[in-house]
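Enquirer: Line order of the protein sequences matches chains A and B.
Going by numbering that gives the first Met the number 0, the first residue of the first sequence is number 0, and it counts up by one from there.
Going by numbering that gives the first Met the number 0, the first residue of the second sequence is number 0, and it counts up by one from there.
No lab work stands behind these hints, which were simulated from the structure alone.
It should be emphasised that the depicted structure is a prediction, and the values quoted were computed from it without experimental measurement.
Even for Gly, the Cβ is constructed at its ideal location relative to N, Cα and C.
Where hints are given, some of them may not hold.
[Stated by the list, open to error] Here are the simulated lysine-lysine pairs, PhoX-like style, with alpha carbons at most 25 Å apart: (1) B/K512 x A/K384; (2) B/K416 x B/K270; (3) B/K416 x A/K384.
[Unchecked claim] From the derived model, a few chain B residues whose C-beta atoms are all more than 12 Å from chain A: (4) G356; (5) G709; (6) N720; (7) L843.
[Unchecked claim] The calculated label-pair distances, taken between Cβ atoms and stated as ranges, are: (8) A/P514 x B/R672: 55 to 65 Å; (9) B/F259 x A/V370: 48 to 58 Å; (10) A/D330 x B/D779: 48 to 58 Å; (11) A/P368 x B/P506: 26 to 36 Å; (12) A/P157 x B/T785: 35 to 45 Å; (13) A/A431 x B/T785: 52 to 62 Å.
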Amino acid sequence: MKKNFNGLFRRATLLLTAFLVFSCSLDLEVKDPNTIPPPAVDGSPTPGTLDQVYRRLNDLVGQANWFAMCTHPTDELMGPTRGTDWDDFGTWRKLHLHTWDGAHNQVNDTWNNLQNSLFQTTLLAETASGQTAAEAKFLRAFFSYIVVDLYGQLQYRPATAKILELPKVYTRAQAIDYIIAELEAALPNLPTFTGGSTEYLATKAAAQFLLAKCYLNRAVFKADPNKPAGPYTFDAADMNKVISNVDAAAAQGGLAIDDNYWDNFVWTNGTVSSENIFSRKNSDGINVVWYTCMGGHYNMTPSGWNGFTTLSDFYNSFEASDVRRSAPIPDFSTQLGRNAGFLIGQQRGPSNGKVGGPIADLKDRAGNPLVFTSDASLFFSSESKGIRTNKYPLDPSTINDGGWGSANDFVFFRFADLKLMKAEAILRGGAATGGETPVSIVNSIRSKRGVANAGTVDLTYLLAERGRELYLEGWRRNDMIRFGVFNNPVIERASTSDGSRVVFPIPNIALSSNPNLKQNFGY
Amino acid sequence: MLLYQCCFSLFVLLVNITFSFGQQIATDTARASSFLSNDSLVNIGYQKISSRGNSNSIAALGYSDFNPGIVSTPDQLFHGKATGVWVSSASGELGANSTVMIRGSLSILSGSGPVVILDGFPLDDQEVQPVTASSSLGSIPSKSNLIFLNPSDISSITILKDAAATSIYGIRGGNGVILIDTKGTELSTKGSVRFSSYVGYSESAGRFDLLDPNTFLAGVKKANLAAGADPNVIDQVISQPPINFGANTNWQEKVVKPTFSNGYNLSWSKKINQTAVRISGGYEDQNGIVKNTGLGRLTGTIFFSQLLFQEKLSLKVNTSLAHLNNSYAPISNNAGFQGSLINSMVYYNPTAPVYTGSGAFFDKNDGSRNPMAMLGYFSDSDNSFRSISMVNAVYSLRSDLTLSASYGASRFSSIRKSFADPRIPAAWSLGTSTVFGVNYNNPVTGMGRSVYQHVNKSSDLIDLSLSFVKRYKNSQLNILAGYSLQDFSMESYGDIAWGLKNPVVAPNDAFVKDISQFITVAPAYVPMESQYSVRSAYLRAIFDVAQRYVFSSSVRVDQSSKLADGMVGFFPSLSAKWRIVSEPFSTTTIAKHFSEFSLRASWGISGNQESLDPRAAADLSYTFVPFRSSNPQTVLIHQGNPNLKWETIASYTLGLDWKLKNHWVGGSLDYFRSTRTDLLAFVPYGGGFSGGGYFYSNLPGQIAVEGLDGCVEAMILKRKNIAWNASANAIVQKNLVSNMDRPISTGTVDGGGLTAAYAQSITNGQPAFAWNVATFRGFDSNGFSTYDAGGNSQFNGNSIPAFTGGIFNQIQFREFCFGFLFTFSRSFYIYNNTANANLLAASLLMGRNVTGNVLKSDENPSNPAVSSSRFLESGDNLRLANVQLRYTRRFVSMSIKSFSIEFSGQNLLLFTGYSGLDPEVNVDKSLNNARSLGFDYVGYPRPRSFVLSCNFGF
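Chain A on its own, in the form it takes in the complex (with noise of 0.2 Å):
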């Protein structure tokens, strides 16, 4: 019995072992086809491609996050309640009111997609040559500028660092300087603006312009961060720069103001437009129908989502006669029933929603007439309260089907501001150039506008001619901030916001994940 459970058990143990040997040599590895390989090894990440990189713009291009923190803490543009719609947890309101915390959700959402940007860009950037790293270059300037404009500290992590190593942390003030130098080590590399498709890529014109940018808010980055909403000191050598860096963009490929000026905007733009530097191409992942819907009725064509309002001191700030505040375009108005620009009082439309419909006037969802009033409330608005905005005319061939072929072009950066910022740079101590003064520049412009010239030009004048040639293009906020205005109560925000709102708080989430991140005054 003894003998015989011996070698049974012997043979039992070897097969046991056997196995258990056959099974542990079984690749227990993840022989994931998918896995990038090096990871394992020193723990950085492989870099998307250029074409990957510059998609990253397209998280720019619509009404939430970047765009709506750029406009709706503004003098152009709020979000009011209407009943049941537009509440969203009050994230429209707060930026109107400037009562953001660090929980906001658009505050957090807009920090990672920038994050995840400069991320990208900085693996580019870093690991690419020539041409291609100084475009990625470019790239990461014009995140980080964003950044250091909305949020006031930038994170930055070489591109050979672990995932999982903590970003170190410029302040505000370092981060313009290594922005500024940053564009400039990269403008050598980059191609010379000639239009046409090149204002789709980092040409050497855009980085001049964002230099310009960079230069002219440069004052307002170097502010006490105890004192961020200023007073500031404009540095002339600092606006000397602004204007070298105009000068030599505006000599390349053609630039000139337009004389239509909704040909910047139009579903041609990409062709007809003189003036458009740095734009984002319709076909590589962006559409403008939201440009329409978020103030468009749902009555309207295509059917809109009853949102935004322009305030009505903004839209006073227009003359009459000014094309920037409504005109007709052509094809478009007839189908359409309605103008670029600001839409007010009663509006017309295909009675059938569709185009080709006879146009007729409009009605809301209750069927009272649809008349776009120009008062409104934050907190209580019915259906058709508020001046809305028509800034991208939709192509009406497309319209039937949702207007998501509209080929429209988003455009960052235009010319009317390039000179613009000569205008101010020469206003705030620069010396002129080429004989151009500020009320030149601004009458260059007035007069392709159907204004007449400006007699005078100083810079409450220029702040408010800004408004009128740039609304809804993304720089309102930053504008307000350099002027000293921004914290100025305007409609249904009747008090003076505290001076600590002209920078964003860093999210919640963000600061309990990097330590290096300290929350910003006053928050």
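Since the structure of chain A is already known, use the hints to place chain B on it.
Expert: Only chain B this time, still in chain A's reference frame:
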């Protein structure tokens, strides 16, 4: 492939070795759970032991304990009957996912729940069917991964309830373990042929009290006047479109309709000498109460067992096959202002007709969706096949030593096909499709769309163990040592198509449901493949001394390729039981009155890695050639966490089991406490500086749960012709979060104007998943909401019921058996997101329908739809969950041996103050992979069902 060869060679080897089989396993445990019966066997994982010798916390149910009725998933079988186990199905949909919470403890990560072990085979933790995300419809969730089991093939379900009991499953046991055994593994000595069939009738158990056209028009008038409309024209406004379209349509009756289901099962089993065989087949056609929804299930099982070589070798083969066909309605869990089907059903204008004069679907052209058009213009269904096979050989080396080897394989493939018709109005704005970041400007309107999604999965298991059982007088030592290796792989890919070759325009053109009829077919998303494996060794010793003391200890060592390299988990447990009733000193005291009186104590640690992405620890990119391109692209999918480890759950339990001497009443009572640490969560990288945004990480802090659970079972009456049994079970628990380094927000509130709102939080000092919303303080004199604390979010109660349980009664009278089950849940709140999105005075203002109580409220029609405690409602409820009346007749010497006919009803009565359809609801509103609990949002309505079934035994 290597794995197969390995197993089969092993298998062949084993077959050639002699052997015998432990006697315990042959015993029938069909009545294992019946507490009042004498000692029985319980499955404690990897082995079955006498319930007297079990010192752990276990809920066991046998076939006769299962709930009757139309059963789509096995959790419905034990709902309300397993002590300490709370089951909440997502909705009333057939096969809907359920949250099974054992002793009040759950991971933060969504999708993680108890691991299910089917006849020894651990099932994959991930969702099975693909999820459809049809653009602005929101995502239509997939169903439970247990939908493949035919309930009539299940013989017993055992739930291991705490970390001491589950530590034998180590890294997978942290949220509890559900052991499901199918029939055949416990084949009785006599063979039989059984046939059963049922026909069921289902109707909606609850209805929205929506306004009829006249009341609706009066409501719209009132709301508009209150909002300042011109009183002189208001009557004209409400007499014409877009308010009054002149028809009278009860949308709820159009969408939700009573239906019939039916099912058939046939089984044959035979035992001749040392060979036992069972073969069964089943077909069910379950129809949902929402139009276009259903579940067709075709199942088959084959069980074969053979004893060889003087009964020293036992060989078993167990195969189950299932083919499933699900059809879905466009009911999503996160629709925005346009809503999913149930949203539209609630708000759509009751004066609107279904069709226009030309026969086309009526459309208001304001972006809102005609519910019947949604049903008519969308089609969504899947076809899935799953097989699970286990081959098991048990070989007796000696009377006290057995070697067991198992090989298991599961294979799954599924295709989900969805179609949208090109006649969908442009105002529905379903958007264009972005394929790998490129927008193809392909709106659904005019082009139509089809999405095919494929998922293939497989898993292989090798389990090898050695068991030693030695008896010394009335003591016994039982040692089990084992090794297992399980491998999982998954691939998914899909196509999207647009542009119909033959356009459909006219109202009576057929809806094309064939992807080959589309002009453009492109890959829908980046194809994914993944694979992971878990390698384990386990050891358990149970020492039963003099039938008085039981000491049990186990250790499991696990390594999972989901986690960081070199992470080896060590999961110990210790438990003891003192059977006081068997002590000599108690003969004159306790043993005089009790036949059972034992104290139990247990402690253990188990882990959780369920629902983690298999590649969570690794960086992941994918290289592919995009559609209409020749350049390969690499997409960064995510970046991994090289420090990732499992979540740790430690628990201890003190328990008392008792039974009176005459066996008429007995019960058990347990105090438990569990602590969850190394909390798995999906969190941002440092400062958000990454390409992936979020990654899986272990957070500091803990979630502690403590409470009591217990049951009482009594034989109230026992006479010659009549017997009355009653049982009750309940759990009381509370849980608390502490020491976390950050709060985690979850529970997105959806609906028009509710973007970015969330209502739930996992925060220090609060119960997990506590409600965190603004505190509503009623309407002011103008009908506007007022809030505490300036409208900032505050903690507003618990989403996990503090007190739940079930009460069951069964009365046997001659051949008749009558049973009924009540279930209850108390002290928790439901977020009525349906009301937050729809049932507001402002809805009337814009011509949307509401329920009667909105008309009665003082709310101003301009009051914003802010998410707040206004929509938190007590979910306290008592439900008559099922009733069953059965007549059984047995025959001697006839070809029919037995016959029974049964009438049962499910979800018959509900007592609750909750204003929504049903407080047992748990629509998935997870945020950043953090689960939500207790949300009601336009989910699939819960049915009430009646079933007539008959069984024949031959």
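Enquirer: Give a verdict on every hint.
Expert: Hint by hint, here is what the structure shows:
no.: 1; hint: B/K512 x A/K384; verdict: violated (44 Å)
no.: 2; hint: B/K416 x B/K270; verdict: violated (44 Å)
no.: 3; hint: B/K416 x A/K384; verdict: violated (44 Å)
no.: 4; hint: G356; verdict: holds (15 Å)
no.: 5; hint: G709; verdict: holds (41 Å)
no.: 6; hint: N720; verdict: holds (55 Å)
no.: 7; hint: L843; verdict: violated (10 Å)
no.: 8; hint: A/P514 x B/R672: 55 to 65 Å; verdict: violated (33 Å)
no.: 9; hint: B/F259 x A/V370: 48 to 58 Å; verdict: holds (54 Å)
no.: 10; hint: A/D330 x B/D779: 48 to 58 Å; verdict: holds (51 Å)
no.: 11; hint: A/P368 x B/P506: 26 to 36 Å; verdict: holds (32 Å)
no.: 12; hint: A/P157 x B/T785: 35 to 45 Å; verdict: violated (53 Å)
no.: 13; hint: A/A431 x B/T785: 52 to 62 Å; verdict: holds (59 Å)
Of the numbered hints given earlier, the model fails hints 1, 2, 3, 7, 8 and 12; all others are met.
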